[in-house]
Each structure stands twice: as structure tokens, then as C-alpha cells.
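Asker: The residues making up each chain are set out below.
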Amino acid sequence: AQSVTQLGSHVSVSEGALVLLRCNYSSSVPPYLFWYVQYPNQGLQLLLKYTTGATLVKGINGFEAEFKKSETSFHLTKPSAHMSDAAEYFCALNYGGSQGNLIFGKGTKLSVKP
Amino acid sequence: DAGVIQSPRHEVTEMGQEVTLRCKPISGHDYLFWYRQTMMRGLELLIYFNNNVPIDDSGMPEDRFSAKMPNASFSTLKIQPSEPRDSAVYFCASRGQASLNTQYFGPGTRLTVL
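Chains as they are written, first to last, in the numbering used here: chain A, 666 to 779; chain B, 3 to 116.
Read the hints as simulated data drawn from the structure, not as lab findings. These numbers were taken from a predicted model, which means no experiment stands behind them. Beta carbons: idealized from backbone N, C-alpha and C, even for Gly. Do not rely on the hints blindly, as some may be mistaken.
[As the list claims (entries may be wrong)] Result set (DSS-like, lysine-lysine): computed pairs, CA atoms no more than 27 angstroms apart in a straight line: (1) Lys714/A with Lys26/B; (2) Lys733/A with Lys774/A; (3) Lys714/A with Lys774/A; (4) Lys771/A with Lys733/A; (5) Lys771/A with Lys80/B; (6) Lys723/A with Lys774/A.
[Stated by the list, open to error] Every beta carbon over 12 angstroms from chain B, so not counted as near; a handful from chain A, in silico: (7) Val684; (8) Arg687; (9) Ser745.
Build the full structure now, drawing on both the sequences and the hints.
Answerer: Set out below in C-alpha cells:
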């Protein structure tokens, strides 16, 4: 069965520090992997996605994630946090192809301290 | 593109009343998803459609909830009768063939049942 685990429901960093949000998955076939961001009182917005090819994926707002099959991970990073990065981040997967739904993790709320 | 459109953005109603939430997907998208988000349960998939046909409604909480998609550009989620525990933010999302399984979310409807 497919599943997504996000380690840490809350992460706090200082402005300018590295952001690392962890996501591990379980899938019996190669997955498509996604990171979404949700700002307060808004819908989810796609940050980046991995389908096939290059395992290091760059997204919007300076975020990137690396697909590591051997570790079944897809961690999200940003070298230097900005106050505007404070939001909730969701990791998700599906099998690609005709599978309709995404399997979401429970989310990680990122706080950025001045 | 206007993105996914949801109405109303906020709904306050009293227990026992019927509530109808509306969604207009992105033009050309053939998948439509309804989600519910609460603090306690996080993001839950309620139902999704492909080409206007319900594919998986296993997430619909109970018979009080129903969803329809009469055509490719409109869907409704109805709760009858509503209860205080239905208070949540309801999101609609859509996905197209060319989007490599990426779902695009609407801004959500915040429902409060008193």
C-alpha cells in the first residue's frame, strides 16, 4: 500500500537558516512525488514535483527536493529561510498513469523566527 | 486561466440546514476532487470524479454527504442535514491529462455549522 510520512508536524527555523522538511514514502512501484505549500487561509499550491528523470528537482521560491529511491525519501530543502516561507507543507504521491488520487502526508508547519 | 473556482468562500449555517458547495474546475481538466481539511483530521479526500463519473467515494463520511458532477465544468458537494462536526474547510481540486498528475486546488470554502 502507498503511504507518505512527514517527520515533524512543526519545524521552526531562524530567518536565513537552512530549511529541511522530511518526507518518506512507501510504494511498490516508482512513484510520482509532490510538495505542496499552504499559506494561511489559502488553498494548496504546487511547489515542485518529481516524475521521472533528474532526481534533484527545483521548484518555486528557491525550494528543491531530491528523490532518493534507496532511502525512499523526498526531503524538501531551501538554503536560506525567509519570513514569507512560514506556511504548512504537504508531501504527496501517486503512481502516475491513470491513478487519480494523491496520497498526502499529514503536513509540516514551518515557522520562521526573525 | 482563472484556476479552480469555489463558492461560497465562507458559509455559516445552523445545524440541520442543507449546505451546497460549488466548484468550477480548470477548463479541459478531466479529474475533479473534493477534500475536507480540519485541525484534527488533516486533509481528507472525500470523493473524486473522472470525466464526470464518480470513481472513488470511499472518503465520504456518511449518507448526509453527496456529490454530483452534471457536466465537465461544474460540481457540487451537498450536506443534508448539516451538523457542527461538519465544520471544516472544503477544497476542490482538478487535474488534466497534460499536468502529469498535478492537482490544482481552489481557495476553499470555510464552512461553520452552529
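Asker: Please list, smallest to largest, the hint numbers that this structure does not respect.
Answerer: Of the numbered hints, all hold.
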